Structure formats: structure tokens, C-alpha cells
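First to last, the protein sequences are chains D and Y. Using UniProt numbering, the letters of the first sequence map in sequence onto residues 1 to 592. Using UniProt numbering, the letters of the second sequence map in sequence onto residues 1 to 592.
All copies of an identical chain are treated as equivalent in the list; a pair is satisfied when it fits inside any one copy or across any two copies.
Derived BS3-like pairs (lysine-lysine); straight-line CA-CA distance at most 27 angstroms:
no. : residue 1 : residue 2
1   : K181      : K336
2   : K179      : K336
3   : K51       : K81
Simulated from the structure, these hints should not be mistaken for lab results. These numbers come from a predicted model, not from an experiment.
Protein chains: 2
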Amino acid sequence: MPIYNAPLKDMDFILNDVFKADEFWQANENFAHIDMATANAILEEMAKFSKNVILDLNRSADEAGGAQFNQGEVSTPEGFKEAFQQFADGGWIGLGAEEQWGGQGMPKMLTVLADEMIWSTNPSFMLYPLLTVGAGMAINDRASELQKQTFLPKLYTGEWSGTMCLTEPHSGTDLGLIKTKAEPNADGSYNITGTKIFITSGEHDLCENIIHLVLAKTPNAPAGSRGISLFIVPKFLLNEAGQLGERNAVSAGSIEHKMGIKGSATCVMNFDGAQGYMVGNENEGLAGMFVMMNYERLSMGIQGIGAAEFAYQNAAQYATDRLQGRAATGVQSPEKPADSILVHGDVRRMLLNIKSNNEASRAFAVYVGQQLDITKFSTDAEAVRKANDRVALLTPIAKAYLTDKALDSALEAQMCFGGHGYIREWGMEQCIRDLRIAQIYEGTNAVQAIDLIGRKTTKCQGAFIAEYIAEIREFVATMDECSVKTATASVCDQVEALTQFIVEQAQTQADFSNAVAVDYLHSVGLLSFTYMFARIRQAASLKAESFYQNKLVLADYYIAKVLPDLAARIARIHAGSTLIMQLPEEYFTAQA
Amino acid sequence: MPIYNAPLKDMDFILNDVFKADEFWQANENFAHIDMATANAILEEMAKFSKNVILDLNRSADEAGGAQFNQGEVSTPEGFKEAFQQFADGGWIGLGAEEQWGGQGMPKMLTVLADEMIWSTNPSFMLYPLLTVGAGMAINDRASELQKQTFLPKLYTGEWSGTMCLTEPHSGTDLGLIKTKAEPNADGSYNITGTKIFITSGEHDLCENIIHLVLAKTPNAPAGSRGISLFIVPKFLLNEAGQLGERNAVSAGSIEHKMGIKGSATCVMNFDGAQGYMVGNENEGLAGMFVMMNYERLSMGIQGIGAAEFAYQNAAQYATDRLQGRAATGVQSPEKPADSILVHGDVRRMLLNIKSNNEASRAFAVYVGQQLDITKFSTDAEAVRKANDRVALLTPIAKAYLTDKALDSALEAQMCFGGHGYIREWGMEQCIRDLRIAQIYEGTNAVQAIDLIGRKTTKCQGAFIAEYIAEIREFVATMDECSVKTATASVCDQVEALTQFIVEQAQTQADFSNAVAVDYLHSVGLLSFTYMFARIRQAASLKAESFYQNKLVLADYYIAKVLPDLAARIARIHAGSTLIMQLPEEYFTAQA
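Bound-form chain D, shown alone:
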């Protein structure tokens, strides 16, 4: 059976040594309820829950075929109900939510680490509370006081859960195309009619009610994305007393049969004149939904870290236990029939790729979490402005770069198992199937790349990244001389020049950005991970124990063995878009 132990020591290192969470929290009275001791206690509890409660359910749910659909009802896999109850009772759903509504108000730089453990051990399970929290965020940000009072406490106790209903069969990336209608009733409510697809947790048996956040168009709304409004549509309507009333006209038509995350119910939702309540202003629904989307997008990155950490731990253990062949430098374990495959450089190369990726990814998630905490809690307007820009810039990296690298990592981990990685028993093939969706949902990674290069870069003439690079350079100036310092400084120069080149090209070639977007996203990802290793190295270099000193080796490994990808990315971007765009459309499907 697959193993998992939460990387608590690494998490403590990143929070405490790299990002000095204690100092950060002490400097802001909004964080009076949190310190490193509390943080570690929370992480230790989550480590137990993830290992003892949901890890085994991950395999059993997949083996049993996942969530089941029967005449509009969805049953979650065996054990999910009890686990969800335990999760809710532990106060985990509202861990990062407002205390006013029953949340625990924990900072994001901590919750990203707790989330990682759930993603490591049971991604299907994670999706149930995840969408609930996302819905809570959108309601908290946009809804009326009465709506907040009505819905938020029930969401955070886990009595009710949430969904986000955006996609329709003909409308995914391009939400301007949605057809779902919202017709006003005399009482101020709306009748919602339409079909939504790919709705995570759209129907299930974990809670007594499900609160759908739905994008729809009011009559005479402007065409396209400027005519979209946001609605709350509960599965069960509430009576005057706020108790569950009659069933609303919304139901699941079917669930999808997917490559992975089978324990998560992905539903087709039919709205047949269902009663809904507008959230925020008419025609401003997309912005409201994006409050939730940005949160989900960071979460997808954490899904990547979780999966890659799980993959790493299992691959490293397998590689240690598996005896096959002898070391090139001579027999290492003469008492055994063969040496452990850890003696082989290629196995180590794969494990170090994964490990370096995981440590940088985790640091990056905490870094972005810290920026989000600044936007939410800082009283310094300029600090908030800067952090908002940083979050805007880095959300696509968190979502897309982390999940791209996580899939690479999980695939390398599977390869460490040889043929055993391909059979279900070891859990590696499920890990990959479950992880793959992270690159696709909440805006494909290509959509993230286009967001990064467009709205976040060329639109502001590279201002966001210039400010990010300035921060990195400031940090580099504090470092002692070492290969990581040299490399980080060089990467700053390279990505700065690259951004300048892109901003210039985009001015004269409308199709340039889209064609080079993914290579640019990976370039900024490499910059970000190099920066994370600079910070990791700096913190680790202060301590003598091997746990810390080995991080210096890992940082050097990253610079020597992973960072060379940057040159290839830059070369591709300089090759431009002409070769991509010049072939006629019919070329692609012409009978060959």
C-alpha cells in the first residue's frame, strides 16, 4: 500500500526559517491568534488526519470506481461520509475563513501547507471542501450581509457545501458564450435555466444542502463576458426560519467518467427554472466568480505539490527497497543479491528532480500565501498594492507551472518503479491519473500562460515582473557569494531582457504573445524557483545539521540540472510566432 508522512520538518523550515512567519505574524495584530507553535500544532493534527483517515480511502475509492450516480442521486465512495464529518468537526473547512462566520482565520501561508497534505493523500476528497471554501470566499467578498449570515456559517460547519457553476457544453474558456438564463421574479429572486457541465461536487451525499454559485445572463444583458451575473442557487430552498424547505429545480443529470479523481463527483447540472438569488451587482458576476477562481487556481498548484510529494515518498522508498544490479563504482551491498537501485545515477537524478521541484514549489506556495495575507491584512496601502500585483503576476505560475512540474515529477516517480509503477497496486498510476486534471481545470495551463503574458505582462508593459525582479535582486544583494547567487542574478537579467523583448514584439504582432505564452510561463517559473532556492539556501546555510546542509546541495542541483531549461525556453520565444501561424487552418486536418 502507498505510504505518506507529512513533511513537517520541511514545512517548519519554510515557514520559520525561510519566511520568518513568527516575525511576520507578530508584526500584525490581525495575527495575534497565531504563532509557530500553534502553526506546528495545526500541521501535526492535519498530518494525522491525512495519514490515518483519508490516505487509504484514496485507493479504495478509485478501486470501487469512485462516486456513483443513480437517478439523480450521487453516492460518494465508502468512508467519505465519515471522513468528511470528522474533517468538518475538526474545523478544517473554515481553517482560513473569517472568524466572524465560524472560520478559524488562519493565514494563507499556513493553510497552503495543511491543504498540501490533503492533496497528497486524497485529492478526490479534497475537492468537496475546496469548492465549499471557494464559494464561501466569493460570498464573503460579494454577497449581501443577509446572504453572508445565511450561508457562510453553514458552509464552514460542513452542514452545507458549495459549487461553482461556470462551464457549459459549448462554453469553457470563453465564458462570454454562456446561455444559462436568469429571469427576474417579482420577489427579487430569479429563475435560473440552463445546463452546466463539469460541476465538481454538484451532487453528493456528504451534506444536507448544496449551495451552487451560478453564472447566468439576465434578460437584455450585454453580449459576451460583460453581461454575466452571479447567483446563489441552493439545492434545497430555505424557509422563512432559514431551515431547509422544498427541493429547488436543480438536479444532476449524470456524472462524468474520468481519467482520475474518480471519488470526486463531476456532474452535469440541470437548472430548470431553479430559484436563485443574485450576488453583487448585475453584470458583474464574472469578477465575483474570479475571487473564487484565483483561490482555486492557487489550490491547483498545491494539488501539484501534494501529488508530487506523495509520488516522491513512495518512489524513494521503493528505490531504497528494490535490489537490482550493482553500482557502477563497485558492489555496495555484498551481503545482498544486488544493490539498491539508489546506487544508479539515473534513479537519483529522477528523485532529485522531484525533490528539488517539491521544495521549491512548497516554498513558492508559502510565498504566494504570504502575499495573499498581506493583501488581506496589511494596513500599509503600498504594501497591499504591491502584494496584489505580485499575486496577480504569480497566480498563473502557481496554477500552471507548479502543476506542469508536478506531472513531470509524478511521471519520473512512476518510472522509478519500472513495471510495478504501471500496475494499480502501488498507487503511482492513480497518482498520475488524479493529478493530470490539475493542469486542465480552473483554466487550462495554456489559459494561465496567456493570462500571464497578456493581462499580467504586456498590458502593464512588464511593470509587475519588473517589481518582482527588483525584489529578487534586493534579496540577491544580501547573499554570500555562491553558485546560487550568481545564477539568480543571471536569471533576473535574462528574464528582464526576455520580458522587454516580448513587450516590444507584442506591440507589432497581435498573435505573438499567445504563440510563446507557455514558454514565457516556464521562464517565469524557472525564475521563481531559482529565487526560492536562493531563499532556501540562505536560510539553510545558517545551520550546520545535515538536514540543512543537504539543502545547499539540492539548491546546487537545481541550478546545474534543472535551470538549463531556461535557455531553451528563451530560444523558442526568440523564434517567434511566424512559423506557428503561417500554415492554413486546413493544414492541420488534411489527410496525410
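Position chain Y relative to chain D; hints supplied.
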């Protein structure tokens, strides 16, 4: 439902224009029975079979859960039996086998193309005849005349099928560790006892008999891989008249539950004193098995091409049909609610990555096929020597580089579908699950890389690759000036210098090669595909139609957008093995 149309025009182009198959065949009397008209007729027939018979069975087999095990019996998915019969009746099993034994004696450079179509449409189905053909090759190469007479004709009619039984639970890559015993009987036969795992087609219901080729150790055999012998172990013994007699003591203990290729029965085979017959000399079994292995390894590369071609066709069609967003350069289809996603540079980038990879891969498979044909049929001893060295060098590329690139391609194709790529309906997620095994079985891609850098490179001081580069340079000299010519010449220089560097490093650092093997394999892969595009470009430049002229654009795309990976590979190799090897073994599993 997934679509597939065999790329017959491209196949004809590669055979006829790029490799001048007609001239090649006419120059050798062993090929008197084949010309381009016959070749195209064969490919057209296979195109029909693959599209009309086995394509739909691929999805239905996976949906139904694949092969089923019940008390030692294995049933193949519905429809496989009839399809296999039709395949056998068509003479397809022995398409490339010796006419003396009932084969059709077709050249390898043709059969690789026929095989590709089956890999495209039903990889699980392909595995049944594939192992049969491999077993036939080993028997033809090593067995006695009587053994050949007894087994080969029945294998090529499809009445019987074949397996290769190498792996044991504790012994995969390191076959020196096998424990299966072969005890001699008075009549010259042996009693075989042991457990073999991951045995493709070990048990099934397609044929009346199954001929296992089994590696086992005779009493007092030398330790390790020098003490392994090869045996034929039929499921049903043959009586004096050569007819099926009693059941032999070999049976399937279970089948594996796998990530993909579910229609293929992957069996645990128990040999309980089963009667077997030695093939070739005692203790020379591994060499005998490698006759079969090299054939399978090229086949795995073709599995990659097949899957990536299937993935391309479906992704290109989806991208053409899917309307979402508008072109950056302005609305392209004002009459439609949105433009086709083919207007977006990133979608085109993915499709061109896949298409350039597929065309180079296919050319490469035909090139290696031609080299194999030379080794088998040429009467020029020096040509045979050269071709043998070339096949030795390029088999790891064919197996590992082609399948690595194919997985990249299939993943990009899946991404073109957005969320629709993740659900089973469109067939993309199955394509990936089925393809993934190609990187793992028949020696993982890491094992291929180590074979390339060790036995095929450092052992001969780079002589094989020097001769290959000399051939490429000779070809470059015939080219007109163009970016592909310049790039090909440059890649030759770079890989030559890189090989020299590796040969030198390996002399003083025993663990160097293993640590950089995969990067070297990819470097030689990039050299090979660049060479293929040089040949494709040269042939295409002679014709004016857009079908050919577009190939010039695709070649330029490859050089500009794919080849930059080479610089990253070279940089990683120059970074050496120290950072990989210096951490202690316990580092990898230390609680983090």
C-alpha cells in the same frame, strides 16, 4: 467516438520519396516480391482493418475492464477473438516473417508502417500478435530445424501464439537474479519450475496453444546472466504426430490490474515442473532472448508513433470543431459565435509539436527498418557490419526517445481538448494510459539510455556514433543552403563534441555515464530527428504541391522550436554526476 485515418500519403512519401524504397528493393533480389505498388496495397488493406475492425474494439475493451481472469482462464474482451481470426486469416501475423515458414517475407521498412496503424487503433490487440512474432524471431534464429518446423508455421497462422517469460518478482532489469529452474529429464527435455510476472498474453482465449519462451537456470549453471538458458514451454504438449496433447504444468495465477492496455492480458505465470525444450546452447539463453527483445524494442517505438498519430488526428479535429474565443488578430469567423481554437497560437504550437514529432518518428522507424533489412538481406559484408552497428546504436533511440516524445505528444493532444480530454468519452485519456507502458516495458527508457551510453558508446569509444555522424554529414553535403542544413551540420558538431566529452569523463568516473544517460539519449534523439527532417526537407523540396511545401515549414518549425532542447541537455551533461552521487542513500528517505 475517436477517429482514425491511416496517414497513407505520408507513409508513401517516406517510403518512396525520402528513402527511395523502390530503388532499394530493386537493387536486391531478395526483394523481388515487393515494390511500391505492392507496399501501398498492403498499407491500404491494413488501413481498412485498423479503422474498420479494431478501432472501436479499443474503447469497448477498456470500458468493459479489459481482459478477465477466472480460475486460471483468461477471456479477452468482446470482439477480440473475431478480430484476431480475421487478422490471422489476412496473413498479417507473418507479414515480415520468413516465407519458408508461412510468412510473407515483407521488408521491415514496410512492416513498421503497417504496425503503426495497429498501434494507433488498438494497442492492447497489437500485443497478442506482437509477442508471437517476437517468439517466432527467436525460434527462427536459435532453435533446431525440428523446433522451427514444429512451431513457426503454427505461430504465423495464428493457431498458436507466443510469449516471452523473463521477469520474476525480484528480477526485472537484472535478469542475472532469476530463480526459475530447469531440471533435465532423461528424454532431453527439462522440467521448468518458477514464477514469471508481467507476461503479456501469458494466457488468453484467442488461440488453441500458447508457446512460452522461458529463461531459466539449469543445475550448476554459472551465477548471474551467464548462467541463463532459453526454453520452449508449450501450454499444451504435442503428441508424436505433432497434435495437441495433454496440458503442460504451466498456468496463469492471476492477471495484473493496470493503468492501461487493459485488453492485453498481463499474467503471472506459474511453472510447476512444466515440460520444456532447450533452445540453442545451454547458458546462452539471454542472447537468444535478445533477438526477440531488440525486435520488441523497435516495436515499442512504433507504439509511440501510433499513439501520437491517433492523438494528433483527434486533437486536430477537435481544435478545428471547437469554437471558443476570438483570434488575437481579429475575428476570423464572424458568422460563428466564436472562432475555432485553431486561431490560437498555443493550440497550433501543441499540434505542430506533435506533428513534427510524428513525421520525424515515422521517418526514423523506416530508417531503422531499412538498416534491419540491410543486416538481413544484403550480401555486402561491410554494409551489413555498418547496418548492424547502426541498429545497435539506434535501437535505444527507437525504443526510448520515440516513446518519451510520444507521451509528450499525447499529453499535449489531451490538453487541446481542455476538460473534454480528461473524460473517457473522447478517448484521449485512454490513449495516454495505454501509451505510458511503452516507456516502461521491454527495458525502461532509463535502461535504454544506459545501454546507449555504455555498450553502444563508451565501450566502443564512440565509434558507432562517429560513423552515424559521418553519414549525416555526407547527406548534409548534398543539401542546398537552408536553415535545416545549417542546423543539422551544427548538431553533428555538438553531438560529436558531447560524445567525446562523455567518453573522456567515463574513463575516470565510473558513475558518470549512468547519471547523464537520459540526457545523452535525448541528445542523440534530437540529432536523429534533425537528420530525419534534413532528409524529409530534401525530398519535399523537389515537389511544388502544398502537401510537400508545408513539410518545409514543419522542418523549420522543428529546428526553431524543438531543437533548442539540445542546449539544455548538453548543459546538464556538462554539469556531471557529482551533485547526483554525493548525497548519502539515507537522504532520500529521511523524514522531511
